[in-house]
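Chemist: Based on the provided sequences and hints, a complete structural model is requested.
The lines below spell out each chain.
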Amino acid sequence: MRRCRDVSLLVSRARDERLGLRDRIAMRLHVLMCKHCANFARQLGVLSRLAKTFTGGPSV
Amino acid sequence: MTDRERTARLNADNALDDPGALVALREQMLKWAVLHLGEREAAEDAVQEAFVGALRNRASFTHAAAFRTWVFAILRNKIADVLRARIRQRDREVTGAADPDEEMDVERFDERGTWREAHRPSRWSDPAGMTEDAQFWRVFETCLEHLSGRTARVFMMREFVELDIADICDTLQITRNAVSVTLFRARAQLRECLESRWFKEK
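Chains A and B supply the protein sequences, listed in that same order.
Position 57, counted from 1, in the first sequence is what numbering that gives the first Met the number 0 calls 56; the numbers after and before it change by one each time, with no gaps.
Position 137, counted from 1, in the second sequence is what numbering that gives the first Met the number 0 calls 136; the numbers after and before it change by one each time, with no gaps.
Certain hints may be false.
Unchecked claim - Cβ-Cβ distance ranges computed for the label pairs, FRET-style:
#, chain 1, residue 1, chain 2, residue 2, range
1, B, Ala-72, A, Val-45, 35 to 45 Å
2, B, Ala-72, A, Ser-47, 19 to 29 Å
3, A, Gly-44, B, Lys-199, 46 to 56 Å
4, A, Ser-47, B, Leu-82, 40 to 50 Å
5, A, Gly-44, B, Arg-39, 25 to 35 Å
6, A, Val-45, B, Gln-27, 27 to 37 Å
7, A, Leu-18, B, Leu-171, 19 to 29 Å
8, A, Ala-13, B, Arg-39, 46 to 56 Å
9, A, Gly-44, B, Arg-175, 17 to 27 Å
What the hints assert, rightly or not - Taking lysine-lysine pairs in the DSBU-like style, the calculated list, with each CA pair at most 30 Å apart, reads:
#, chain 1, residue 1, chain 2, residue 2
10, B, Lys-199, A, Lys-51
11, B, Lys-199, A, Lys-34
12, A, Lys-34, A, Lys-51
13, A, Lys-51, B, Lys-30
Since the hints were derived computationally from the structure, they do not count as laboratory data.
Every residue gets a Cβ at the ideal spot worked out from N, C-alpha and C, and that includes glycine.
Modeler: Printed below as a string of structure tokens:
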């Protein structure tokens, strides 16, 4: 299993491009077992939504 | 694709989609690999390689039990490879040059590559409700301003303007990898800032 440092980079990359099979499996296995990286993944989703809301104006 | 192949693929996908079964299988494999290799890190790598190998050839097995047998067979080969490589390694002294990418983020991760305690992402409460709060948006802006100019620019191109990676590479004349790493750093910094200035304050 890869370390949090590598997996968190994969989690970030997965938001921008399709990862290869090897990376996808590494990421899924790790995130299933590591709550910090699971939180990181969830938070990146929140950040994206915030960025969209932010540019859409505060009234959204 | 024949019906048989389609069923095989379905079963392989099911095996992957059942987190409980996957974790249990991984634990069994890990125990077995540690027994042979004597160290956890190499064992974890071998187990992961076995999963990758098994999924590459997912048409070759027909049900969950076959998946198990198959993945263990691949693991056995991986372990043999590692043991052979160790013997070769012992024969020649290797001087390892540090990978520059590995030197980054020492502040965020410890020497084993796991989150340092102060940097561990925690669970955010009510991440949807705060968008109604003007105070929150001030914090969000402050955190954005804390990013360096270049990092902020890449982040905004991606998340605000929704350009894809290739466009960002072209515009800034930097490599794909540089874009990925910059985006990672921007996101990690932003989430750290929001966590300490908003979620922990509440």
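Chemist: If a hint holds in the structure, say so; if it does not, say that too.
Modeler: For each hint, the structure was consulted:
no. : hint                              : result
1   : B:Ala-72 to A:Val-45: 35 to 45 Å  : holds, 42 Å
2   : B:Ala-72 to A:Ser-47: 19 to 29 Å  : violated, 41 Å
3   : A:Gly-44 to B:Lys-199: 46 to 56 Å : violated, 20 Å
4   : A:Ser-47 to B:Leu-82: 40 to 50 Å  : holds, 44 Å
5   : A:Gly-44 to B:Arg-39: 25 to 35 Å  : holds, 31 Å
6   : A:Val-45 to B:Gln-27: 27 to 37 Å  : holds, 35 Å
7   : A:Leu-18 to B:Leu-171: 19 to 29 Å : holds, 22 Å
8   : A:Ala-13 to B:Arg-39: 46 to 56 Å  : violated, 26 Å
9   : A:Gly-44 to B:Arg-175: 17 to 27 Å : holds, 22 Å
10  : B:Lys-199 to A:Lys-51             : holds, 23 Å
11  : B:Lys-199 to A:Lys-34             : holds, 18 Å
12  : A:Lys-34 to A:Lys-51              : holds, 26 Å
13  : A:Lys-51 to B:Lys-30              : violated, 45 Å
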